[in-house]
Structures are given as structure tokens and as C-alpha cells.
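Chain residues, written in single-letter form:
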Amino acid sequence: MINNFHHEQAAHCESGVTRNLLKSIGVQQITEPLAFGMGSGLFFVYLPFLKFNNGPAIAFRNMPGIIFKRTCHSLGIKVIRKKFSSPEAAQYMLDKKLNEGVAVGCQVGVYYLPYFPKEYRFHFNAHNLVVFGKKDGKYVISDPIMEHETYMTPYELERVRFAKGPLAPKGQLYFAEQKNVITDDIIKQAIRKGIRRNIFDMLRVPGPFAGVNGIAFTGRSIKKWCDKLGLHKAGLYLAQLVRMQEEIGTGGGGFRYIYGAFLQEAFNYYPEERLMRLSEQFTKTGDLWRTAAVQASGIYKGRLGSQEDFNEMGDYLLEISAIEKQAFKDLSKINFSS
Amino acid sequence: MKKNEVPQDLGSLGKITKEVCYVTDESGKYTTELSNGWDVKTNALDVTWDDIEHKVAAAKEKVLKGEASPLLYFLEKNVMNIGILSSYTGFFKWQIKRHLKPAIFKKLSPKKLAKYAEVFNVSVDELKSMEANDK
Chain A
1 MINNFHHEQA
11 AHCESGVTRN
21 LLKSIGVQQI
31 TEPLAFGMGS
41 GLFFVYLPFL
51 KFNNGPAIAF
61 RNMPGIIFKR
71 TCHSLGIKVI
81 RKKFSSPEAA
91 QYMLDKKLNE
101 GVAVGCQVGV
111 YYLPYFPKEY
121 RFHFNAHNLV
131 VFGKKDGKYV
141 ISDPIMEHET
151 YMTPYELERV
161 RFAKGPLAPK
171 GQLYFAEQKN
181 VITDDIIKQA
191 IRKGIRRNIF
201 DMLRVPGPFA
211 GVNGIAFTGR
221 SIKKWCDKLG
231 LHKAGLYLAQ
241 LVRMQEEIGT
251 GGGGFRYIYG
261 AFLQEAFNYY
271 PEERLMRLSE
281 QFTKTGDLWR
291 TAAVQASGIY
301 KGRLGSQEDF
311 NEMGDYLLEI
321 SAIEKQAFKD
331 LSKINFSS
Chain B
1 MKKNEVPQDL
11 GSLGKITKEV
21 CYVTDESGKY
31 TTELSNGWDV
41 KTNALDVTWD
51 DIEHKVAAAK
61 EKVLKGEASP
71 LLYFLEKNVM
81 NIGILSSYTG
91 FFKWQIKRHL
101 KPAIFKKLSP
111 KKLAKYAEVF
121 NVSVDELKSM
131 EANDK
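First to last, the sequence lines map onto chains A and B. Quick note on our numbering: the first sequence kicks off at 1 and runs consecutively. Quick note on our numbering: the second sequence kicks off at 1 and runs consecutively.
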């Protein structure tokens, strides 16, 4: 067992893994919201020409792996990430790092995760956990969404590390090496960089599918889903939207609450009143996302189903898009150089 | 979301672990709270599984009618598609499409059957008879 690693539950798997791994190498200041914000985790994208589990491909966050990478980079911490073609090499490397006393992050697929409830086992390959020891022939696992540490046999771990399908993890593991002492100034810079990048991702990614434009695009699409897909399938699509938005790993409201928490924590480093007010805006859109989810559930449960109901659903997203657009514009006006 | 408004509707995940939610307290400051689940998202999961169950039932019928091999049943049951099954087994997609035909499935070598059985978490006998219990 690695002594300096402590399992701690989190809302979002990758931000939680980032926080827990950083703590294990002596960086204590980075909380889950800080990791999420420095990694510019907030995003929205809807790719209408792609399907995921027979539903729309929608994400409320950035690409898997990127939060850990960006957060560490901004802090000047070296990241080592490796993929493997053979399971033997993947296990050898893992054992080697564990023997050296390094806790290791792994990207895994959830389909074969033994401790997950059956209802949650889809072919989703962007889950993250930390392996931090071996006990009685089993690996000790810190899965940030679980309250307590869990265990997996080498076979079980190999299976999830070599899950197949979209975003196949290929045994991917990663860990960080600390080189310098993390000062408040470094954190301030990382916060600034994270916010700037997030402004770009939400406001300026070209094309109609991503960022605040993507939210509005999705809102307009939803209004057509009923006619285009039929009520049943439109319901399934909305169910998928809600699952991506609210399921374990989001902290609720499609990550908007975590972002709100991040802005409040950023305030501790940059005493700028506007950060606190903008945090409220994200709380507001998080609440709106949840209100939209309630509307969606009315549709997929069969309580609602008229065109009027779909219009209302779409309008929620248009409203969210407008608020988040303004919020990011206001964020971009804050001068962080002081 | 306010701390005292966090839903506590026990769902399938809530029986195994509570989940962390970011919420605001009375003064508007962010903090965390544990939740047992939320009906709105439990329902989203339920309708998704209902849909899968329908597909599984339809696949079973096809197999019983002799229109497809038991592979189709397990494919649907494991929420896979031919692409995912292909990368798990190492078979080409066109091979799997062939194996979906009952006549060809019957002649498959024990080695190939064992590969499918492992991916589907069942024994070879269960694979052939389509009688697997939920695990």
C-alpha cells in the first residue's frame, strides 16, 4: 500500500483522481473544483452525426484525460502517460510503479467494472480511477465516485484497462512527478489560464456544435425531435441527454455546479467581486439544466409529449445558452493580471 | 442547487454508494452534500434499459425462430454492436456477421465459441443454449 495516498470521494472521476494524485505527491492546495477549473473542464458538445449507445453523442465536459494533463501542466508538474499494446506490459509497468511507491491513475471502461451496479454498465471507456496498492493478490482501487476503496483481481483490472470500443483506454496509465513547490502565485496563474481556455472553448470554438452555440443548436434540434424521431425515440434521446448531464461524475447540473464552486475558490486567490457574481450565474444555469431535466423526464415517462412540451424543453436550452454566453463574456472582461 | 434541496431518491447506485453533489449553503457559499439519487435520472436509466430489454426480447424471438444465431441475443444483452464485439474478440466484422447465421454458428470451433463466451461472461453451453442468468 502506498502510504501517502488517501482515498477521497469526489463528484467527477477525473477531477477527483487529479486531486487525489496531486495530494499523494505533496500538492495539498488543489481541490476538486480547482482541478476542474484549471483543467478547463466545462464544455458542451453535441455531434448529431454520431451515435453513442444508440442515442445522441452529447458531452458536458472536455475530452477525457485533458483535465489531468492541463491542470498538471499549468502547475508546472510533469505528467507521464503511457498506453500499451500488451496487457502483460501494462501490468508490469503498473506493478513496477506501485513497488516504487507511486499511486497510478488508470483510464478504464465501466462495462466490466465488478463493483458497479448492472444498470450503470455501458460501454463507456472514459472512467478514471487510481491503483494504490496490492493486498492478498488484489489491487487496491480508489474510484473517486465510491465512498470507500475497492478491490479488483489482476484479471478484472486487466479487463477494464483493456476495454474495447470508442475511446478504448489501451491500458492507459498516468502519474505525476512533482518538481517544484507549488506557490500561491503558480496557482493564480493556473486559474487564470484555465479560465481563459474555458472562455475560448465555450465562446469561440468554430462551428455550431460546441460551446454555448452548441447548447442553442441542441435546443433548436430538440424542438424537431418529436416529428423527426417519433415520440418514443425522442424520449430515449432526451433520457440520454439527462444521463450525460446528471449521472454520477457530474456533480449535478452538467458540471455547472462544480464550475460555480471553482469560481468561488478562484475568488480566494483573486479578490474580484465579479467572480462571486458569476459563480451565481453558473448556479443558475445548473438549476436550469435540472429544471430542463425534469421537463425531459415528463416526456420520457410519457406524462408529456406534445410539440408544445418539446418547444418548452428546447427553450430551456436556449435560455441556458444565453446566460452562459453572457457569463463567459463577463469572465473575459475580468483583468487577472493584477 | 441548495444544500437542503438535494434529492434523496434511493436508486440502484445509492444502494452501493452515495454520490457527491456540489451545492450552495444558506449564505450562498459552495459546499458538498451526499445524495442517494434522483428519480429524474433513475427514470432516464430505466427507459434506456426498457429499450434494451425490448431489443433483447426481439433478438431472442429471432433466434428461436431460427433467423439468427444466439450471438445476436448476447450482442443485444451486452449492449454491444458488431464493432465493439469485433474489437473484443479480434474477429473481423464480416466474420461476426457470418457467425450471426444459425447454420454457420453451429459449425463454429470450440476455440471461437470460447472466445465469445468469455466476452459475454457465460459458459459455452450457456452461449449455445441462450440460457444465461443475469450476473
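Warning: the hint list may mix true and false statements.
Said to hold, decoys possible - With a Cα cut of at most 16 angstroms, we get these calculated EDC-like pairs of lysine to aspartate or glutamate:
#, chain 1, residue 1, chain 2, residue 2
1, A, 233, B, 50
2, B, 3, A, 147
3, B, 15, A, 147
4, B, 77, B, 61
5, B, 55, B, 76
6, A, 301, B, 131
7, B, 2, A, 287
8, B, 3, A, 280
9, B, 60, B, 131
10, B, 18, A, 100
11, A, 284, B, 25
12, A, 301, B, 50
13, B, 29, A, 8
14, B, 18, A, 149
15, A, 118, B, 46
16, B, 62, B, 46
17, A, 233, B, 51
18, A, 301, B, 46
19, A, 284, A, 319
20, B, 2, A, 280
21, A, 118, B, 76
22, A, 233, B, 53
Please keep in mind that the hints were generated in silico from the structure rather than gathered at the bench.
Checked against the structure, which of the hints given earlier come out wrong?
2, 6, 10, 13, 16
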